[in-house]
Amino acid sequence: MSDATALMHLQTRAATGHAPLLPLKVRDLVLRFGEATVLDGLNLDLGPTGCTMIMGPNGSGKSLLLKLLHGLMQPSSGRIEWGGDAPEQATARQALVFQKPVLLRRSVAANIDFVLKARAKDTGGLDALLEHVGLAHKARQPARLLSGGEAQRLALARALATDPEVLFLDEPTASLDPASVLAIEEIVNEARARGVRIIFVTHDIGQARRMADDVVFLHRGRIAEHCAAAEFFPEPRSAAARDYLNGRIVV
Amino acid sequence: MLARKLTATAVALVIGSAAWAQESIIVQSTTSTANSGLYDYLLPIFQGETGIQVNVVAVGTGQAIKNAENCDGDVLLVHAKASEEKFVAAGFGTERTDLMYNDFVIVGPAADPAGVGGMNDVQGAMAKIAEEGALFASRGDDSGTHKKEMALWADTGVDPTAASGAWYRETGSGMGATLNAGIGMGAYVMTDRATWISFGNKQDYQIAVQGDEDMFNQYGVIPVNPAKCPSVNVDAAQTFADWLISDAGQDAIAAYKVADQQLFFPNAPDS
Amino acid sequence: MQSIGEAFGLAIALVLSGDADLIEIVLLSLRVSLTATALACVIGLPIGALVAIGRFWGRSAVLIVMNALMGLPPVVVGLLVYLYLSRSGPLGFLGLLYTPTAMIIAQTILITPIVAALSRQVLEDLHAEYAEQFRSLCLTRLQTIQALLWDARYSLLTVGLAGFGRAVAEVGAVIIVGGNIDHLTRVMTTAIALETSKGDLALALALGIVLLVIALGVNAAVQSVRMTAARQAYV
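Residue numbers (this note's numbering), protein chains in the order written: chain W, 199 to 449; chain D, 471 to 741; chain P, 26 to 260.
Isolated chain W (complex conformation) (with noise of 0.2 Å):
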């Protein structure tokens, strides 16, 4: 699916000449809607590369983690510090890709033509980003009528389309067949090994094991575990993440 020379568009993260957004630093980061706090003061500290992972439990709160450290979202109390001269233009700099594809009801080649003139950036590179996530042949269709897996690749395209410096996935995957599955992983891989920074939700233990570099686990609103992932899987450190992987209802 991939050509290297098709990707020559696509910046090396070295080029952009910004000063980089990571590290990433979160203080005391508390998120609360009324009464109830969602996020209770998380504290973490991301390298500059790699594929981070998010697990947790359904409600633990990774999709608003995700949604405030790119700026859909303001915390009730906390800090986060990205890097770079201008903290408030971060979310420029990073894409994000959800969890249900938001296509425009265009063709699959209009989705991102209309993201690379927003950003005032050469359309040149349309086709080679097309043909780098096997959508060439349906640039002229109707993008909303795509499979599950193609209008995930397509909102992927999009997402690279913008040159982000920060990839946030937000259970991409999930409700994909296993070949669409895999298909993500490699573009996603790509976009690592050209130093995109790789933020990842996700419920697939296998995923996980597969790309994770390090792995963020969340349960009830704080962070039960930070590590690397080679020392995740093989043994948590809390009883939360060891019986989320042993398949146990984890509240």
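FYI, nobody ran anything at the bench for these hints, they're computed from the structure.
Since no wrong hints were added, every one of them can be taken at face value.
Reference listing, derived: stretches of chain D covered by chain P, where coverage requires no fewer than 3 residues with Cβ under 8 Å from a Cβ of chain P: (1) 495-508; (2) 531-543; (3) 645-659; (4) 663-670.
Examples of chain P residues lying across from chain W (beta carbon under 7 Å, computed): (5) 158; (6) 160; (7) 161; (8) 163; (9) 164; (10) 168; (11) 176; (12) 257; (13) 258; (14) 259.
For clarity, every value in this text was computed on a predicted model and none was experimentally measured.
Backbone N, C-alpha and C define an ideal beta-carbon position, used for all residues, glycine too.
Got chain W sorted already, so can you dock chains D and P onto it with the hints?
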């Protein structure tokens, strides 16, 4: 792109409408002359002779006078002599000339509930209608016909508006709409004869009261005064008014017939 | 009842005869109301979009006013436009009264609130779906509005249709500012009013039937465009 096209269209419309304005006039007119088809007969003759396009706005006499006072017409052609003279006295018109006449009639259902059929004393008939409480539909719109009707009620000594909503029904509409309404409810209606003859929805209605000289209906023509309204097409307006009262115009008015009946009788003074 | 059957016969005869006057009236109706609809869209859609995505003080009051203005009485609009365009009014020097342009202006004012209010609803629903993605992409407000208007284009066709329907069917405004002048400002509805006042009910009804058929044709055309779009999941 679309917006640009639309702007171009709008500009074209404005320019287009300015272009026709050059050799045309607007006549603020009473409805009876328009609804009876008189203009359809007269205007092609006039345009053939002069090349002037006449655009007729047919509304009630009251509204026609108001519109002309707002300078929204070049010639006024209505039938309410007192109001017309006031219009000229106030400087809105240059000169009022008698143009033609016909007469008013009261039409009613064949059943004739007030028993006024065949009467030629209009005040007597109206008093009888009021006494019987038979339905009477009035224009109620300050038109020439309405003003005439109110004057006749005043002669009769009856204030029909006291029974407004009971037997006296004010439609607040034009002649045709009032005839439609009156016929729908079985009411007597006062109308000019021209409108009645050319009216298409008579059903079982007939003329009940006619022939009283008090039901005389005089039409006048007045060019709008350029001193008050600099926008008037003064030459063309004067040409039209002059033509109407000329022998040619008067003959044309007399020649117009519907169902073999002459609707308007020219009576302009000899010039 | 007899006149209804007569009217249908007359309507068919009128259409088949290709009567020049009828064609002129029909074309003017279409020209005036379609132009007014296009102008109302140019004005109303951006307003609808701004209110749809905006979060500002007094927004709910604006919504109430927008929705209420959908019920503007045509006669009132006609009167207001008359007062402005009258020779004695502030815009009298333009000489627009009793022209098709005046009728277009009146109908544009009449249906712009309809386009704005209905498009606001359509665009707000679509924005609910797109908002988070658009914020992630850091779109400007203008880019957001452009994208919403484009993606809602087939739904907005129906909004335009609602405006056109109102415009082509109204008589109160155009009869005041147009004057129902033969061969100049006479449209279907004012012709119907005129024939009714002449008591020629069958002809009036026949014209009404012709108007209905035209409205049907416009609706069918838009519907077929929408159905094509729906097959591509663009609606």
